[in-house]
Amino acid sequence: DAGVIQSPRHEVTEMGQEVTLRCKPISGHDYLFWYRQTMMRGLELLIYFNNNVPIDDSGMPEDRFSAKMPNASFSTLKIQPSEPRDSAVYFCASTQQGSRDEQYFGPGTRLTVT
Amino acid sequence: QKEVEQNSGPLSVPEGAIASLNCTYSDRGSQSFFWYRQYSGKSPELIMFIYSNGDKEDGRFTAQLNKASQYVSLLIRDSQPSDSATYLCAVKGAGNNRKLIWGLGTSLAVNP
Numbered sequence: 001d002a003g004v005i006q007s008p009r010h011e012v013t014e015m016g017q018e019v020t021l022r023c024k025p026i027s028g029h030d031y032l033f034w035y036r037q038t039m040m041r042g043l044e045l046l047i048y049f050n051n052n053v054p055i056d057d058s059g060m061p062e063d064r065f066s067a068k069m070p071n072a073s074f075s076t077l078k079i080q081p082s083e084p085r086d087s088a089v090y091f092c093a094s095t096q097q098g099s100r101d102e103q104y105f106g107p108g109t110r111l112t113v114t
Numbered sequence: 001q002k003e004v005e006q007n008s009g010p011l012s013v014p015e016g017a018i019a020s021l022n023c024t025y026s027d028r029g030s031q032s033f034f035w036y037r038q039y040s041g042k043s044p045e046l047i048m049f050i051y052s053n054g055d056k057e058d059g060r061f062t063a064q065l066n067k068a069s070q071y072v073s074l075l076i077r078d079s080q081p082s083d084s085a086t087y088l089c090a091v092k093g094a095g096n097n098r099k100l101i102w103g104l105g106t107s108l109a110v111n112p
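Quick note, the sequences are listed as chains A and B, same order.
Take the first sequence: its letter number 51 is residue 51 in this note's numbering, and every next letter is one higher.
Take the second sequence: its letter number 77 is residue 77 in this note's numbering, and every next letter is one higher.
Just so you know, the hints here were simulated from the structure itself, not pulled from any lab data.
Where hints are given, some of them may not hold.
Some but not every residue of chain A turned toward chain B, in silico, with C-beta under 8 Å [stated by the list, open to error]:
| # | residue |
| --- | --- |
| 1 | L43 |
| 2 | L45 |
| 3 | Y48 |
| 4 | R100 |
| 5 | F105 |
Idealized CB from N, CA, C, for every residue including glycine.
Given the sequences, and given the hints that come with them, work out the whole structure.
Here's what the structure looks like:
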């Protein structure tokens, strides 16, 4: 079975541009999580969805960040406008209702904002 | 503020030795505990989870949970150079929230 899929794997953009990151969770998983990882702050949860509905977005840093999940197999994280401090690796993870909440991660998107 | 604490390391052990990684957590109501391995430039990979007090073994890995003392540990027996990575501890709190609280990770180096 395919794992969590993310695209693009690398993104380099200039400050002020819009960035869209994409994620496809594992088929049958009904929870989807967006994380950001930096050396200084480690792994930070940004937002998570259950059955396509945002449940907790308390980790979204500011209004420049938005996330959507239009269907069970696709989610986006958008940054507009991007800033150099947004440079990080962004991971998507998924898990399944009834499990022990173990999360499975995608390969990540390395974002560099210059 | 719910927290998960890990020594950042690096923890250095010789090949064939036992590596011991520790994690403490602040939320006494925490329910499930996870160990992930992350190689440089890669995504976190689930190694083990544990939710009952005591030991859980899987191959060379043993997770130990002590809820009274609020710590969870990971032992790696017969350490191999391929075990060199950062090990992340994650904890699920009480209630229905599916959030995991993450430690910053411990860097492990296994020397041939």
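We went through each hint and held it up to the structure:
| no. | hint | in the structure |
| --- | --- | --- |
| 1 | L43 | holds, 4 Å |
| 2 | L45 | holds, 6 Å |
| 3 | Y48 | holds, 6 Å |
| 4 | R100 | holds, 5 Å |
| 5 | F105 | holds, 4 Å |
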